[in-house]
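K.L.:
Just so we're aligned, residue 1 is where the sequence shown starts under full-length UniProt numbering, counting upward by one.
For the record, the hints were derived by calculation from the structure and aren't laboratory data. Each hint should be verified, as a subset may be incorrect.
[As the list claims (entries may be wrong)] BS3-like mimics (lysine-lysine), calculated; alpha carbons at most 25 Å apart, straight line:
| no. | residue 1 | residue 2 |
| --- | --- | --- |
| 1 | Lys640 | Lys603 |
| 2 | Lys100 | Lys144 |
| 3 | Lys100 | Lys59 |
| 4 | Lys749 | Lys772 |
| 5 | Lys498 | Lys452 |
| 6 | Lys669 | Lys772 |
| 7 | Lys159 | Lys215 |
| 8 | Lys698 | Lys534 |
| 9 | Lys777 | Lys631 |
| 10 | Lys532 | Lys607 |
| 11 | Lys679 | Lys652 |
| 12 | Lys159 | Lys532 |
| 13 | Lys644 | Lys698 |
| 14 | Lys908 | Lys982 |
| 15 | Lys948 | Lys982 |
[Stated by the list, open to error] Taking CB as the label site, the calculated pair distances span:
| no. | residue 1 | residue 2 | range |
| --- | --- | --- | --- |
| 16 | His406 | Gln593 | 23 to 31 Å |
| 17 | Thr182 | Lys475 | 19 to 27 Å |
| 18 | His462 | Ser919 | 13 to 21 Å |
| 19 | His462 | Ala208 | 24 to 32 Å |
| 20 | Ala143 | His462 | 38 to 46 Å |
| 21 | Asn629 | Lys79 | 34 to 42 Å |
| 22 | Asn629 | Pro494 | 21 to 29 Å |
| 23 | Glu775 | Ala549 | 17 to 25 Å |
| 24 | Ser650 | His406 | 55 to 63 Å |
| 25 | Glu675 | His417 | 26 to 34 Å |
Think of the CB as a built atom: it goes at the ideal place given N, C-alpha and C, for glycine as much as any other residue.
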Amino acid sequence: MTKGVENLINKRNFIKDKFSRMQTFIEQFNDSEQSITELKVRIPTINAMFNQFDEIQDKIEESKAISNDVKLPTLELPKFDGNYAEYHSFLDRFDRSVHKNEKLSNADKLEYLKGCLTGEASASINVLKVTNDNYPKALEILAKRFKNMRLVVTEHVQKIINSPQLIKNSHAPLRQLIDDITQNLASLNALEIDTSTWDPLIVPLIAAKFDFYTKKEWETTLSSKLPTLLELTDFLEKRFNILRSINTPTPGPSKLGVMDKTNNQLPNKSKKTSNYVSINKAAPACDICNQTDHRVAFKCPDFLNLSINDRIKKAKQLSLCLKCLGKGNHSQEKCRIKWCVICKQAHNVLIHKDDDLQLQNDGVSIQEQSSSMATTSTNLFTDTNHPQVLLNTALVMVGDGVGRKHQLRCLLDNASHSCFITKQAFDKLRLPSVPTNFLVTSINRNNTALNKLVRITMYSNHSNFVTNLECLIVKEISEQLPPQFFDIDHLQIPSNLKLADSNFNIPGEIDMLIGAETYCEIIRSGHLPLGKGKPLLQNTWLGWIVSGAVHYPINKQFMTSCHFSSIHKLETQLQRFWEIEQVDAGMRPFLTQTVDYCEEHFKNNHKRDAEGRFVVKLPFNPDAPTFGNSKQLALSRFLKLEKKLEGQHSLKKEYHQNISEYINQNYLKPIANNEVDTKDAFYLPHHAVIKESSLTTKVRIVFDASAKSDNGISLNDTLYSGPALQQDLFSILCRFRMHQFVISADITKMYLQIRLDESQWQYQRILWRDDKSHEIKTYNLTTVTFGITSSPFLAVRCLNELAFLNQNKFGIATQVILNDFYIDDLLSGGNTFEETNQLRNDLVHILNQAKFKLTKWSSNDTRLLEGLNLDDTVAHKLFAKEHTIHTTKTLGLSWHSQNDVIPVYPYKRIELHTFSDASQLAYGCCAYIRIQDFNNKYHVHLLCAKSKVAPLKTLTIPRLELCAALLSAQLASKLITILNTKFAETYFWCDSTIGRPETIPEQKTVTLTTTTSISLPFIQKFSSFSKLTRICAYLYRFITNCKDKN
């Protein structure tokens, strides 16, 4: 409103006041001479006042007509994330809003354009600076990138093809299907794509997505003539209107609806409906208090305020069903409410009596108690908005200490690092607890220390799925879920689906929380959306779980619970304060129990056959669950492999040759059909791994022991992988660089030289046939196999056992076997030719005892290859010409075996020098060796280096310099440990004074105190800390003033 209009309104109000006074004068007029005289004076002014009022009113109306005060909503600029199908629409809207605005400069337009782009689209022009010249370039880049007609058309066609499958009698997916068809076809027409001739293709494609009943109705409308797309969309629109009208839920939990609320008359009897029954009665009232605002007992305040014993008496007195607490013509046995979610007995949870749970006290309502109970879950905020969110819950069976199974209600949480169980459920199971020390961190870094865990076995109610869990014991996981009962009839859940929690709509206690690791194991393929605004059904090994938004009336406030947790050991938390980077100075630590078990298992179960080969057994984990049937998956994978090999003839030829070699060498043994028994047997899918750089075997067959059986357990899940028995690559390579004469070799087909005990052959079965015309046969693998998690441990342990047996006779060679092998690769050497040549001969002799043949020999001195079979040397396989540099792979690194670039001289003194430095971005160190030969000449060579990017958290340069110095010291310590060299001196070089010992400040003594947290309820009365501070200051001032007066 303008200022001129405001002035006119004020003048009009002034005249209105004059008329008001005139009206008061007339109402109080009398026949006195004074009143008559005053009337004669006022009458002439009345006409002038009317004229003045009309004039002002006309001006006000004209001003309002000219200046319209209606404020339209602000138009938001369009957004574009890189979706090809939306580019043209975005460009049109941006063109109208920004591009054609002549008041904006090109720099301003580019600024607006960048603000409209997100994701892939934003990244394409993100490098352009905001200038006038760059705006046309940005438009050109976007046009080249996203104005791709082929991709745009493909996007729209894919949306039509991927339209949702219709669900029986559900209108929401039908609406989405109609919209997908019309919108995408309209977009194609806007792109000048003629879709008028697409009807014979589009109509069958869309009809294939119909459910049975929709397809049946559609077929009744067809004739011999081809249907058009227009006819199809008309049919779908009519069916949508019908389904929407009959699927609209009526108010209240009952399915009965009042047809006529206005005149309370029955409708014409000739009109019938299959979904509603016409009744003529008043709105239903509560059976307890006769109020019409609710009609069920569990919403009645009078009923909830009763004690549990009084509730039972009241229910029996009114002849209520003890399960649903409602009246009806059904018996208690036929009531749809199955049982109490706490004790699983045939009564409602509101009349459950359990002294341990202390659910009720006489005269106190459940709502009052639930608001006063302390919850251990992280309750973040009160949320009374619609819709409410259903969390994933499931009913599972858990074994107790005496072999019985108990049903527990669990919450599935993929944001939790671990599993939890309540103290009440733990006491019910009577299982032993294990001491532990964990810190549970939740939202906002709220920490809870837990010191006990229990190991349980969980069983599914609907499948053979079994798993072992370690659960931390807590007092309480969450409040009751869901917070309130709601009716599920309108969800239309298919009756043939087995729900993981059939009482997901009834409030109940949570006994367990299953974390992310197990959550990923129980999820299966398949989900079913129930419609817009409704939950989603997800298939799992525990049954179908229900999650997502659900609308239901709320009669109280609920707390939104967050069940995210992150677990760290307290010792690890403390260590991370000072640990930024480290170099392992020795062998890695092992899990003692696993190491001991695997070692004892190998010692007790290995033997040698007549040829000297090792015979071993697989180290099964006795606590792991058993696997199920795996043959069907292996058969499916084999048929896909056959199809793949048919299209790749060279790969098929090599694959068949490998299988034939396995059969000829007795690595594979066929099983007669009458002897095949799938019980307690595991079928391994197999596939090819191609390595073109390999000198011997370019195609290797790998067997997939991680493939899941029908209960979700694989062979690898039931086996120990075993500890790492060999040193790391860094140690082996550093020692390799220190030898003057070096040799490298490889044990050919190491795994296949180790036999598997015949009693375990059934765990390594495969399916194979040479041709599709032949019958598929079953074979047993008789050796240690690629793809099984315990194979590396078994192979290395056999190698070490061979070294232990020859330790007294071949001391140096056995130490090389223990320290210089990485799986089947040898990297070693010596300081003299004679020493290295003897080492080569001893290694060949020892390994031949177990049929471990060394091949792919290579050396920096060709004399060390003399006497070997030419087929077993790298030079023979790689080079046909003389004077060629021999380059081979050594544990992934390229090595010039003929022209060795790491010369080591005969020396009389050797020193180790390390240098460290740091910057704001990174820090690192390097190690050099300084050699003094017998001619007093010095030679310096780089041995190794280590670098590290600085942490994201900003650290000071002195701190980073200290980190680099520490890294340098750790690297030197590791080199001194792993190298078989005695260094005369070790030097540490640093260009910063902060790393010198004399500059490091003396550490101060820190006194640790124990604090006790005291509950101060009055603090919670204040809305902010500043207000609390002011009030406390006022109180202190008051106390001080009182003392002064005294």
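K.L.:
Work down the list of hints and note, for each, if the structure agrees.
P.N.:
Results for each hint:
no. : hint                           : in the structure
1   : Lys640 with Lys603             : violated (41 Å)
2   : Lys100 with Lys144             : holds (21 Å)
3   : Lys100 with Lys59              : violated (38 Å)
4   : Lys749 with Lys772             : violated (29 Å)
5   : Lys498 with Lys452             : violated (35 Å)
6   : Lys669 with Lys772             : holds (20 Å)
7   : Lys159 with Lys215             : holds (21 Å)
8   : Lys698 with Lys534             : violated (54 Å)
9   : Lys777 with Lys631             : holds (12 Å)
10  : Lys532 with Lys607             : violated (65 Å)
11  : Lys679 with Lys652             : violated (32 Å)
12  : Lys159 with Lys532             : holds (18 Å)
13  : Lys644 with Lys698             : holds (18 Å)
14  : Lys908 with Lys982             : holds (11 Å)
15  : Lys948 with Lys982             : violated (28 Å)
16  : His406 with Gln593: 23 to 31 Å : holds (28 Å)
17  : Thr182 with Lys475: 19 to 27 Å : violated (56 Å)
18  : His462 with Ser919: 13 to 21 Å : violated (59 Å)
19  : His462 with Ala208: 24 to 32 Å : holds (30 Å)
20  : Ala143 with His462: 38 to 46 Å : violated (55 Å)
21  : Asn629 with Lys79: 34 to 42 Å  : violated (51 Å)
22  : Asn629 with Pro494: 21 to 29 Å : holds (27 Å)
23  : Glu775 with Ala549: 17 to 25 Å : violated (54 Å)
24  : Ser650 with His406: 55 to 63 Å : holds (59 Å)
25  : Glu675 with His417: 26 to 34 Å : violated (47 Å)
In terms of the numbered hints stated before, the structure departs from hints 1, 3, 4, 5, 8, 10, 11, 15, 17, 18, 20, 21, 23, 25, listed from lowest to highest.
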